[in-house]
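J.: Single-letter residue listing:
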Amino acid sequence: MTATPLEPAFSPRVRVTAERIDIAAEIDSMGGGGAAGALVTFCGYCRDEGGRLKALELEHYPGMAERQIATIAARAAARWPLLGALAIHRYGLVAPGEEIVFVACSSVHRGAAFEAASFLMDFMKTRAPFWKREHLVDGTVGGWVEAKDTDEAASDRWHRL
Amino acid sequence: MTATPLEPAFSPRVRVTAERIDIAAEIDSMGGGGAAGALVTFCGYCRDEGGRLKALELEHYPGMAERQIATIAARAAARWPLLGALAIHRYGLVAPGEEIVFVACSSVHRGAAFEAASFLMDFMKTRAPFWKREHLVDGTVGGWVEAKDTDEAASDRWHRL
Amino acid sequence: MKLVYFAWVRERIGLTEEEVELPAGIVTVEDLLHWLKGRGPNYDAALQAPEIVRVAIDQEHGDHSEPIAGAREIAIFPPMTGG
Amino acid sequence: MKLVYFAWVRERIGLTEEEVELPAGIVTVEDLLHWLKGRGPNYDAALQAPEIVRVAIDQEHGDHSEPIAGAREIAIFPPMTGG
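Protein chains in written order, with numbering that gives the first Met the number 0: chain A, 0 to 160; chain B, 0 to 160; chain C, 0 to 82; chain D, 0 to 82.
With the rest of the complex left out, here is chain A (with noise of 0.2 Å):
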């Protein structure tokens, strides 16, 4: 098997779910198998907001959503030496304390884990098709999360390191 340099050893893993993240076992299914040396994870959870939020709906983009987070997680996988990279986001309603978006990446080394994890949230935040409202305790539904422009800061960021 000949592979350019810039193609990654491996394929980055997406998954666009309704269904909870069994954060255990997705940690349990990078299993670097001795050669990885560091693995970083990120959870995203849905806050409470001091009790105001029953609960979090996400509308996404059915295959666009999937397709950019397989572009993104495949950007970062060709930028950084990476042994494995799974990317997941839930979709539907998500209740305070539940996980929205996890992502996983395993490396030799940890700095490229770490780099490699953060890139992946700064897009999947900018680029991912989805879109928050708030369902509040009080039986109204909320307005339409806004987009935060220390978001589209921090995913800038990387077109200058």
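This list has only true hints and no planted wrong ones.
When the alpha-carbon atoms are kept at most 20 Å apart in a straight line, the in silico SDA-like pairs for lysine to any residue are as follows: (1) A:Lys131 - C:Gly13; (2) A:Lys131 - B:His108; (3) B:Lys147 - D:Pro78; (4) A:Lys147 - C:Pro49; (5) B:Lys53 - A:Gly30; (6) B:Lys147 - D:Ala48; (7) A:Lys131 - C:Thr15; (8) D:Lys1 - D:Gly24.
Simulated from the structure, these hints should not be mistaken for lab results.
Here the structure of chain A is known, so what remains is to put chains B, C and D in place on it, guided by the hints.
T.: Relative to the frame of chain A, chains B, C and D by itself:
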């Protein structure tokens, strides 16, 4: 209860142990209770070094190891708005594929959790009194692992940031 | 051409998707948004500030200056808030 | 004063710890390392390049220029390789 601005609302948890680390249980123990939006974990594994390595032996300085890690974790908790921080380091014999070190940081937003976990690891590498020695599959005991300049550089960058 | 809408763009227009026949002269995403905005008060409400909506052409992000000729599906949505 | 040794410093000296009486004139860590180096071939082997060893005074990291008066336990070890 009064608190100065730099005093975090929680105590970082620190453990130095010869036992395996149950990553899933440790992640469960970070449960943010609805306030945390982000959890970053790092796990450092013993690599097999291409099949050459039977085990890593980790020598440590009992007492100072716990104190130094607690100091590093307290500095992270003072520098970033964390909701939780956990740092565990093993000593004794560690087989390839087994975990050596585990760090977890939770916060409201992801930036703080990523930076604090990366900071913790950089200082665990250069300030926590542990020393690695290789035990090889051919039965010999290899040399002590040499400290890497890249680890010094990684921890130095936090003074500049 | 198929147009699909998400989040508050979808809510304000009142449709999840529709097939449209574009009149002559609609070349770029910007042209499309301007034309859509004139189709009724619901479209006008969704596209009050057309510069802030995002567009995907056949499921790839596109700039407002991009040509749309040959596209099968164009999606219009607010800035994304996943993650 | 109690001295404790780790990793290859411990191996080369051949002791995990010892109690020593310091002669007059030993003020800093640097003085201590220089004096220790002269105590025999095992100490000389451990401290061939005294500038690379690290020192902890009562379990806190210390510079080689630091005074050691009042310390109960001084640890001498190679650069750390944990994590």
